[in-house]
Amino acid sequence: GAGVSQSPSNKVTEKGKDVELRCDPISGHTALYWYRQSLGQGLEFLIYFQGNSAPDKSGLPSDRFSAERTGGSVSTLTIQRTQQEDSAVYLCASSLAEDGYTFGSGTRLTVV
Amino acid sequence: AQTVTQSQPEMSVQEAETVTLSCTYDTSESDYYLFWYKQPPSRQMILVIRQEAYKQQNATENRFSVNFQKAAKSFSLKISDSQLGDAAMYFCACEPNSGYALNFGKGTSLLVTP
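Each protein sequence line maps, in turn, to chains R and Y.
Numbering-wise (this note's numbering), the first sequence opens with residue -3 and increments by one.
Numbering-wise (this note's numbering), the second sequence opens with residue 624 and increments by one.
Isolated chain R, as found in the complex (with noise of 0.2 Å):
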C-alpha cells in the first residue's frame, strides 16, 4: 500500500480483556516499530522489528505486552488482560535504511 495502515482506527475494550493491534507496513520496509501515545504525552518506544533479526523488545512496559511480524511484514501488538493505563493511542511506523520513518494513523484503545 501506499502508506503504513493500522487497525482498528479505535478500540473500547473492557478491563482484563485481551487484544491485538495491526500493522501493515509500506511493502519492502524491513524495520517496523510500535510506540504508545499517552493522552499529552510524546511517543514511547515499545518494541522494534529488523527484517529476520530478534526483535528488540526493551520498550515493552511489562509482560503483559507482546508482538510478532510474520513473514517480514504485517505486524501484530497484543495486551494481554488489559488495564486502564494501558489506554493510549498506539502507533505504528516502517522504514527503510535511511528513508526516514512513514508512522501509520494510530490506533486508539480506551480501556474501561
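No lab work stands behind these hints: they were computed from the structure.
Just so you know, these numbers come straight off a predicted model, no measurement behind them.
Heads up, a few of these hints could be off.
As the list claims (entries may be wrong) - Cross-link-like lysine-lysine pairs, in silico, DSS-like; alpha carbons within 30 Å at most:
#	chain 1	residue 1	chain 2	residue 2
1	R	7	R	53
2	Y	678	R	11
3	Y	701	Y	729
4	Y	678	R	7
5	Y	678	Y	729
6	R	13	R	53
7	Y	701	R	53
8	Y	696	Y	729
9	Y	678	Y	696
10	R	53	Y	729
11	Y	678	Y	701
12	R	11	R	53
Based on these hints, arrange chain Y on the given structure of chain R.
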C-alpha cells in the same frame, strides 16, 4: 540514553507571522539525527524536517527551517509565513546513529489564529 525536552507546551501565532518552537536534547552519541514531526488531529506523525548532526548547515524545507546549535544541544524549528494548516502538535525527536529508536519530546501545541 537520550532525552529530548520541549519547554513550550503551547504556542500561538497569527497567520502570516513567524514562530519558533524550542527543543533541547541530551545525548552521549557522537553521531545522531534530529527531527521535527507534525501531528494533526488525524494522529499521523508527519515528518517536517530532518537534520544530520554532522552537518553544520541548518536544514530548510520551504517555510520550515531549523536553528541547530550542536554545542548547546539545541534544535529549534522556525515556521515562516504561518498558515492555518500549520496548527498541530509538533514533536522534536532524536535518533542515535548507533541505534534505531526515536526519542521524542512531549510536544508543543501550535495554534494559528486568523
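Right, here's what the structure says about each hint:
Under the criterion of a C-alpha separation no larger than 30 Å, the hint pairing residue 7 of chain R with residue 53 of chain R is consistent with the structure, at around 23 Å. Proposed proximity of residue 678 of chain Y and residue 11 of chain R is contradicted: the alpha carbons are some 49 Å apart, above 30 Å. Distance hint between residue 701 of chain Y and residue 729 of chain Y is fulfilled; the C-alpha atoms sit about 18 Å from each other, no more than 30 Å. For the given pair, residue 678 of chain Y sits about 43 Å from residue 7 of chain R by alpha-carbon distance, which is inconsistent with the 30 Å threshold.
With a C-alpha separation of about 25 Å, the suggested pair residue 678 of chain Y and residue 729 of chain Y falls inside the 30 Å cut-off, and the hint holds. Between residue 13 of chain R and residue 53 of chain R the CA atoms are separated by roughly 22 Å; this keeps the pair inside 30 Å, and the hint holds. Annotation: proposed proximity of residue 701 of chain Y to residue 53 of chain R is violated, straight-line Cα distance about 35 Å (limit 30 Å). About 17 Å separates the Cα atoms of residue 696 of chain Y and residue 729 of chain Y, which keeps this hinted pair within 30 Å; it holds.
Among the hinted pairs, residue 678 of chain Y with residue 696 of chain Y is consistent with the structure: their alpha-carbon atoms are about 14 Å apart, no more than 30 Å. Among the hinted pairs, residue 53 of chain R with residue 729 of chain Y is consistent with the structure: their alpha-carbon atoms are about 22 Å apart, no more than 30 Å. A threshold of 30 Å between alpha carbons decides the hint, and for residue 678 of chain Y with residue 701 of chain Y the separation of about 18 Å falls inside it, so the pair holds. The straight-line distance between the Cα atoms of residue 11 of chain R and residue 53 of chain R is roughly 24 Å, inside the 30 Å bound, and the hint therefore holds.
Violated hints, listed in ascending order, are 2, 4, 7; each of the other numbered hints is respected by the structure.
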